[in-house]
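Undergrad: Assembling the complex is the task here: the two chains are given apart, and the hints tell you how they should meet.
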Amino acid sequence: DSGVTQTPKHLITATGQRVTLRCSPRSGDLSVYWYQQSLDQGLQFLIQYYNGEERAKGNILERFSAQQFPDLHSELNLSSLELGDSALYFCASSPTDTVGELFFGEGSRLTVL
Amino acid sequence: SQQGEEDPQALSIQEGENATMNCSYKTSINNLQWYRQNSGRGLVHLILIRSNEREKHSGRLRVTLDTSKKSSSLLITASRAADTASYFCATASNTVSWGNLIFGKGTKLSVKP
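Residue numbers (this note's numbering), protein chains in the order written: chain A, 1 to 113; chain B, 114 to 226.
Read the hints as simulated data drawn from the structure, not as lab findings.
Fair warning: there could be bad hints in the mix.
Okay, derived cross-link-like pairs now, DSSO-like style, lysine-lysine, Cα gap no bigger than 27 Å in a straight line [unchecked claim]:
(1) A/Lys9 to B/Lys218
(2) B/Lys169 to A/Lys57
(3) B/Lys139 to B/Lys182
(4) B/Lys182 to B/Lys169
(5) B/Lys139 to A/Lys57
(6) B/Lys182 to B/Lys225
(7) B/Lys225 to A/Lys57
(8) B/Lys183 to B/Lys218
(9) B/Lys221 to A/Lys9
(10) B/Lys218 to B/Lys139
(11) B/Lys169 to B/Lys183
Cβ pair distances, simulated, as ranges [what the hints assert, rightly or not]:
(12) A/Gln17 to B/Gly153: 19 to 27 Å
(13) B/Ser181 to A/Ser79: 30 to 38 Å
(14) B/Thr180 to A/Glu101: 17 to 25 Å
On a predicted model such as this, the values are computed, not experimentally measured, just so you know.
Using N, Cα and C, we set each Cβ at its ideal position, and we do this for glycine too.
Isolated chain B, as found in the complex (with noise of 0.2 Å):
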């Protein structure tokens, strides 16, 4: 079953615009992690958050998490063509220390050129 469910299931927008997708999960977790998904492809780590985090950045991308609202969200800034894919946030949870990554169902983001 999904832990994690992102908003919205589909955005399009123009190359430079700014990306924003939203994933809200239902129990404690130990970290969040975003990954993205060229279509038929592999997924790819793309950012970590642990539970005591609030904010982290890497490159053109900002990932926030509150866990008081069960929340978290990614921001692509300045989107390219090349930023279409399909993107996945993933909840590890905090009752046992192994274990395994539940994903949502991911945003399908497409950036036109």
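Only chain A is shown next, with the shape it has when bound in the complex (with noise of 0.2 Å):
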């Protein structure tokens, strides 16, 4: 157990819709990072906070949006879904904004049909 909790486990959405993911980091991290992994694209970063503010952006599609909270959480909202953000989608969590050692959870796995 990593210790990064991940919410919902399996999600299935029609075309147009919205989801929101949520990203709960081990304690005392402060970092979050969001990745999506599909078979044909592989593992790709889409986007870093730290403290609440957001440090990096990868290839984070316009109608994806990110934010971490207070407490220090993380939500992924993904909009006007298409068939092919269907993926699964890891949150990570370290203790600071310099890239050691991630701690993924197990991951929200999105279906749109």
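TA: Written out as structure tokens, the structure reads:
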């Protein structure tokens, strides 16, 4: 158990809909990272937050947004969903904003029908 | 986009044999990490090697890093059926102190009992 909690574990929705994925980092970790894993693209970095502020941005679509709240949990919002958004979405956390070991949650599997 | 590229994409061995996976990357790094992922689960950190290190051991794992060739290898000795998983290398850039890990597409290891 990494100590990182992600909900929901599974989500099935229709094209055009909007979903919110939630992540609680390990106790004491200030950085949260979001990754998308799909069969064709592999693991793609989406975005990093550190202590409530956006710190780094990767291949995140404009339809996607994220935030980190004062209690350090984070949410990833995916809107106007398309079939190609079906993937595993991972949250990871680390104590600082520098890139050392990341602790991953078990992921949220999104299926868009 | 992927920074690390693992080789081979898939590897099948018998229990007790050694497994070697290779990773090549493109740009200068601060550190390189190896992660393991059981099917559909979260990634688990195995080992981190810094750019000024050449070799590191952890239990049955041995990692080498050759920054002149921009390559790393992960050796798992005396493999067990429980080692069956996908293994990813991930690199952290040295151009910024924060940011993200960029993952390769992984090597799928199958260890037959």
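Undergrad: Can you name, in rising order, the numbers of the hints this structure does not satisfy?
TA: When the structure is compared with the hints, numbers 2, 6, 7 and 13 turn out to be violated.
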